[in-house]
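Enquirer: Could you build all of it, start to finish, from the sequences and the hints given here?
Below, each chain spelled out in residue letters.
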Amino acid sequence: MSSDESTEAGDAQREFVEQWRDPAYNCFSSGHKFCRNVCPVMQVTRNENHSPTAFHANIVAMEQGGLTVADVAEDYVHCTQCGACELRCPNTLMAGDFYRARTRTVDVVKAMRALAVESGLEQPNWKRWVEATVDRKNEPVLDVPVSQENVAKWAEGLGLEAGGETILFVDCEAAFYRTSLPRAVALILRAGGVEFGLMREQWCCGGPAAEMGYVAQSREFAEHNVADWRAIGARRIITLDPHDYITFTEDYPRYFGPAYEFEIVHITELVAELVRDGKLQLSKPIERVATYHDPCRLNKRKGIHQSPREILRAIPGLDFRDVDHVTQWAYCSGAGAGLSIERPELTRAISGQRLDRAAQLDVDLLVSACVWSERPLTEAGEHREPRIEVRDLMELVAESAGLEVTP
Amino acid sequence: MTERAISDAVYDELVGILGPDGVLTGKSARWNRTRVPAPFPVHRWHEHVPDVVVLPRTTEQVAEIVRLANRRKLPVVPRAAGTGLTDGATPLNGGILLDVKRMNEIREIDLLDRTVTVQPGLNMLKLNEVLQPHGVMFPDDPASYPCSMIGGRIGTSGWSLIGARYGHTRDLVCSLEVVLPTGEVVRIGEGGGRKVRKASTGFTLKPLFFGHEGTLGVVTEATLELVPRPQAEFAAFFGYRDYDTAWRSTGALARSGFATLAGVVLFDEWKLAYLRRDDEAYIEQPDWLKSVVAVAMYGNEAEVVPAAREIMRIGRESGGTYLGDEVSQGDWAARHDRYAIPLHGRLRSGEVVPMSWHCEDAALNYSVLPQVHEEWHAIADRYIERYGIFDDWGIFAYTNGAYKPWGDYLVEIDIGIWEQRLDDEGWAAWLNCKREITEVTLKYGGSISACHGASRAGDVDYVPQELGGAFDVMKKIKRTLDPNNVMNPGKYLLDQAYED
Ligand SMILES: Cc1cc2nc3c(=O)[nH]c(=O)nc-3n(C[C@H](O)[C@H](O)[C@H](O)COP(=O)(O)OP(=O)(O)OC[C@H]3O[C@@H](n4cnc5c(N)ncnc54)[C@H](O)[C@@H]3O)c2cc1C
Ligand code: SF4
Ligand code: SF4
Chain A
1 MSSDESTEAG
11 DAQREFVEQW
21 RDPAYNCFSS
31 GHKFCRNVCP
41 VMQVTRNENH
51 SPTAFHANIV
61 AMEQGGLTVA
71 DVAEDYVHCT
81 QCGACELRCP
91 NTLMAGDFYR
101 ARTRTVDVVK
111 AMRALAVESG
121 LEQPNWKRWV
131 EATVDRKNEP
141 VLDVPVSQEN
151 VAKWAEGLGL
161 EAGGETILFV
171 DCEAAFYRTS
181 LPRAVALILR
191 AGGVEFGLMR
201 EQWCCGGPAA
211 EMGYVAQSRE
221 FAEHNVADWR
231 AIGARRIITL
241 DPHDYITFTE
251 DYPRYFGPAY
261 EFEIVHITEL
271 VAELVRDGKL
281 QLSKPIERVA
291 TYHDPCRLNK
301 RKGIHQSPRE
311 ILRAIPGLDF
321 RDVDHVTQWA
331 YCSGAGAGLS
341 IERPELTRAI
351 SGQRLDRAAQ
361 LDVDLLVSAC
371 VWSERPLTEA
381 GEHREPRIEV
391 RDLMELVAES
401 AGLEVTP
Chain B
1 MTERAISDAV
11 YDELVGILGP
21 DGVLTGKSAR
31 WNRTRVPAPF
41 PVHRWHEHVP
51 DVVVLPRTTE
61 QVAEIVRLAN
71 RRKLPVVPRA
81 AGTGLTDGAT
91 PLNGGILLDV
101 KRMNEIREID
111 LLDRTVTVQP
121 GLNMLKLNEV
131 LQPHGVMFPD
141 DPASYPCSMI
151 GGRIGTSGWS
161 LIGARYGHTR
171 DLVCSLEVVL
181 PTGEVVRIGE
191 GGGRKVRKAS
201 TGFTLKPLFF
211 GHEGTLGVVT
221 EATLELVPRP
231 QAEFAAFFGY
241 RDYDTAWRST
251 GALARSGFAT
261 LAGVVLFDEW
271 KLAYLRRDDE
281 AYIEQPDWLK
291 SVVAVAMYGN
301 EAEVVPAARE
311 IMRIGRESGG
321 TYLGDEVSQG
331 DWAARHDRYA
341 IPLHGRLRSG
351 EVVPMSWHCE
361 DAALNYSVLP
371 QVHEEWHAIA
381 DRYIERYGIF
391 DDWGIFAYTN
401 GAYKPWGDYL
411 VEIDIGIWEQ
421 RLDDEGWAAW
431 LNCKREITEV
441 TLKYGGSISA
451 CHGASRAGDV
461 DYVPQELGGA
471 FDVMKKIKRT
481 LDPNNVMNPG
491 KYLLDQAYED
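Line order of the protein sequences matches chains A and B.
For the first sequence, UniProt numbering assigns the number 407 to the last residue and increments by one with no breaks.
For the second sequence, UniProt numbering assigns the number 500 to the last residue and increments by one with no breaks.
Worth flagging that the hints you see were computed from the coordinates, not collected in a lab.
Watch out, some of these pointers could steer you wrong.
To be verified - Non-contacting residues of chain A with respect to chain B, defined by C-beta distances greater than 12 Å in every case (computed):
| hint | residue |
| --- | --- |
| 1 | Q19 |
| 2 | G31 |
| 3 | A111 |
| 4 | V194 |
| 5 | F196 |
| 6 | R219 |
| 7 | H224 |
| 8 | G233 |
| 9 | R236 |
| 10 | E261 |
| 11 | E273 |
| 12 | E310 |
| 13 | T327 |
| 14 | G402 |
Claimed, not checked - Simulated coverage check for chain A against chain B, where a stretch passes if three residues somewhere in it have a Cβ under 8 Å from a Cβ of chain B:
| hint | stretch |
| --- | --- |
| 15 | 32 to 43 |
| 16 | 62 to 70 |
| 17 | 205 to 217 |
What the hints assert, rightly or not - Chain B residues, not near chain A, derived (Cβ > 10 Å throughout):
| hint | residue |
| --- | --- |
| 18 | D8 |
| 19 | L131 |
| 20 | S328 |
| 21 | A402 |
Remember, predicted model here, so these are calculated numbers, not experimental data.
Note that CB positions come from ideal geometry on N, CA and C, so glycine has one too.
Expert: So this is what it looks like as structure tokens:
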């Protein structure tokens, strides 16, 4: 520690502790760990260092000179930034509104990861991943050719134009990998009479980089995207991916301040409205037994849990077996915040656990509304007997609206 | 990166038992397994850090770890959820911290003889989630229900909020498997039966392993009592203009003798003030309200519905005003989460500062509650006045009789402590405050602790006085079972057993 003290890293750590010490004490001085049983990572690792409590206590220990960022950096990999712990914490649940003191574990994790990167303590797989993203301007998705030429390839044959007031932002996973999803969304929007365009040059939203602690890179990507939005006169951005929704409603406003002028809409909210207003007819029955997976970033982080349920209930023929959104505080796919990149085995375990819960309802379909969750959930569903299929809510909507989504 | 605090030889042996994944030597792993929710002098955190953390999964692994420790005379400190409030799971002398969280399997659900057999790192909420479809539950229900674990419940001999109806932890464990301090694995129950609730073969050893705070071995499995999930629940909150009336009413309600009565709780004026600080969550109450009594019943509809009518009558006739369905049902449901909200902490000036919750819990007879109530608050008040770091969060009293709601009471005074500002002087003052509170308890014929244990600095000084000759028996047992003093050494002054 003493050799650190004169260095830049030491300064960064001191500044960090200064900033986070008091919020950390709000947890430290409770320390009851009510959060622990909803934490998806803790549920599978059973290691107290991976618990929200530890994430706060470490900061107090750093203040006491007991721990340094080098001692704790790796612990903070073990978080999907699902937000469950914040909601479950009595400090938020019982008194947060009153004292304006929401527990901020997600921000703490992001900040500690940023401090780690700043201190040269990088996680090998994140580092590789971020480098590839910087190189290609989009996330390296599996083995698919990720590049600017291909970023709108999913839209081939749909006759979509760049520009306009409303922009559909298609995240990397959907643009390069699960292309059936953005195609479904485009057809739905068109059928519902929503006019929209695409960006001229779309880079990764920068959210994942921010989640892994690469703040400078995240900002650079944000600046590019916002410049593109402004250049084409965009006012409203539609996101398919709950992660983008978080990035555009939480990270971007932090980067751009009051000058940030965009309305950000998540597709489930918009489609629920279209269905409610009769602008989109869901008439083709889907005879399946399904349950819904609340994506963490919609339900726990943003409180969006009604609109997807409203949509599912509007689909004829669907036997929808719900698990209420509060119970789902403890559910996660394990895909968020880079966990699947650095600790794929944990993501697999968490997804497996999610599918076990679905299986208890005797369903053959798990509907998600988060493209990031779909890869690990699908894999977990395929490995079960009987198999449980995983589909995106919008794919189901397109089908029920009689829209033919060609691959 | 971090230097290892144990020798390579010990490390290698532990890895041989558990694999590298089960042995944690990193600093953050060790620092984080020192903390329990009770306030401690943060500036002296480093004094309590274990040398190594182990995460076993099986009884055999635990036995091997304990044998290794016994051979090398290394301390072993069991830790379940780490929610204990008297530092039981905090290593006093370093050594091996044995974290049982990975021992969280449900081994057997026996619906015919109504038992469930589990590992010690399982939490009650999780267990009951699995049991729910079977129509049964494990009715140990502390306020730490969502976080504490079976091993710790046994280690502390915990208290269940619905214990007046179903019994407390000690009544709800039929038998347990223990790795003794020398590494032998034994099953302790009623006689030798695993699922038998009452036997008379041999000494009744079972109670010895309740409240031992990890000093007599490691619990590796427990067979637990199951009860039917209650068909009906009833909760009523009554309000009072003064503590005395509320106390009398508590007695009347508790003496009603209904088998379905799960709890009668008496909250005093300080406690109400604490809860009211968060008026978003605590439904607003009239100013005249100085005390509240909460009653809860669980059982079949045929029992609960008529009994509830009777309870309403007793509550009103003994001076209570029914506070309405919204408070009664809503607040009862939220009771687990109301503790330890640090933001409710206030300095004398009214300034909000994050304070830690310290809970001093005594077991007391009904007759002495008013006197103890008065004297405890007077003590707290002196310390609040003199040191700027304490706050009085009120007293509540909870009837405890397993199957007999006329039993005695868990009485708890909650004190907020501004832990960030604790230094040696503040800590010493705090321990003195605890000692004074404890003296009052003993003066009125009570016991220092109803459920948290008295293994913490301050209270622990009075254990020999409370137990008298029985403390010598404790020492003899400790020395016999643990010849090398490896199990959680330093707790309960049991090191004295080895002085001669
Ligand atoms: C908000 C809150 C509310 C609470 N409300 C209540 C309440 O209503 N009733 C109540 O009784 N308590 C309550 N407590 C205190 C605490 O939850 C209990 O003391 C609980 O029994 C501790 O369990 P744990 O799993 O956290 O054990 P720990 O704190 O990990 O351990 C407690 C003791 O048991 C020993 N131990 C743990 N596991 C084993 C094992 N496998 N074998 C041998 N020894 C072991 C430890 O060494 C230690 O001495 C509350 C705590 C909090 C934070
Ligand atoms: S995050 Fe909240 S629930 Fe978890 S330990 Fe901290 S204060 Fe308690
Ligand atoms: S945000 Fe989610 S994964 Fe991260 S600590 Fe909280 S509950 Fe765990």
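Enquirer: All hints are to be evaluated individually against the structure, with a verdict given for each.
Expert: Now for the hints, and whether the structure bears them out:
no. : hint       : verdict
1   : Q19        : 16 Å, holds
2   : G31        : 4 Å, violated
3   : A111       : 16 Å, holds
4   : V194       : 39 Å, holds
5   : F196       : 40 Å, holds
6   : R219       : 29 Å, holds
7   : H224       : 37 Å, holds
8   : G233       : 43 Å, holds
9   : R236       : 34 Å, holds
10  : E261       : 33 Å, holds
11  : E273       : 31 Å, holds
12  : E310       : 27 Å, holds
13  : T327       : 9 Å, violated
14  : G402       : 39 Å, holds
15  : 32 to 43   : holds (count 5)
16  : 62 to 70   : holds (count 4)
17  : 205 to 217 : violated (count 0)
18  : D8         : 20 Å, holds
19  : L131       : 14 Å, holds
20  : S328       : 18 Å, holds
21  : A402       : 25 Å, holds
When held up to the earlier numbered hints, the structure conflicts with 2, 13 and 17 and fits the remainder.
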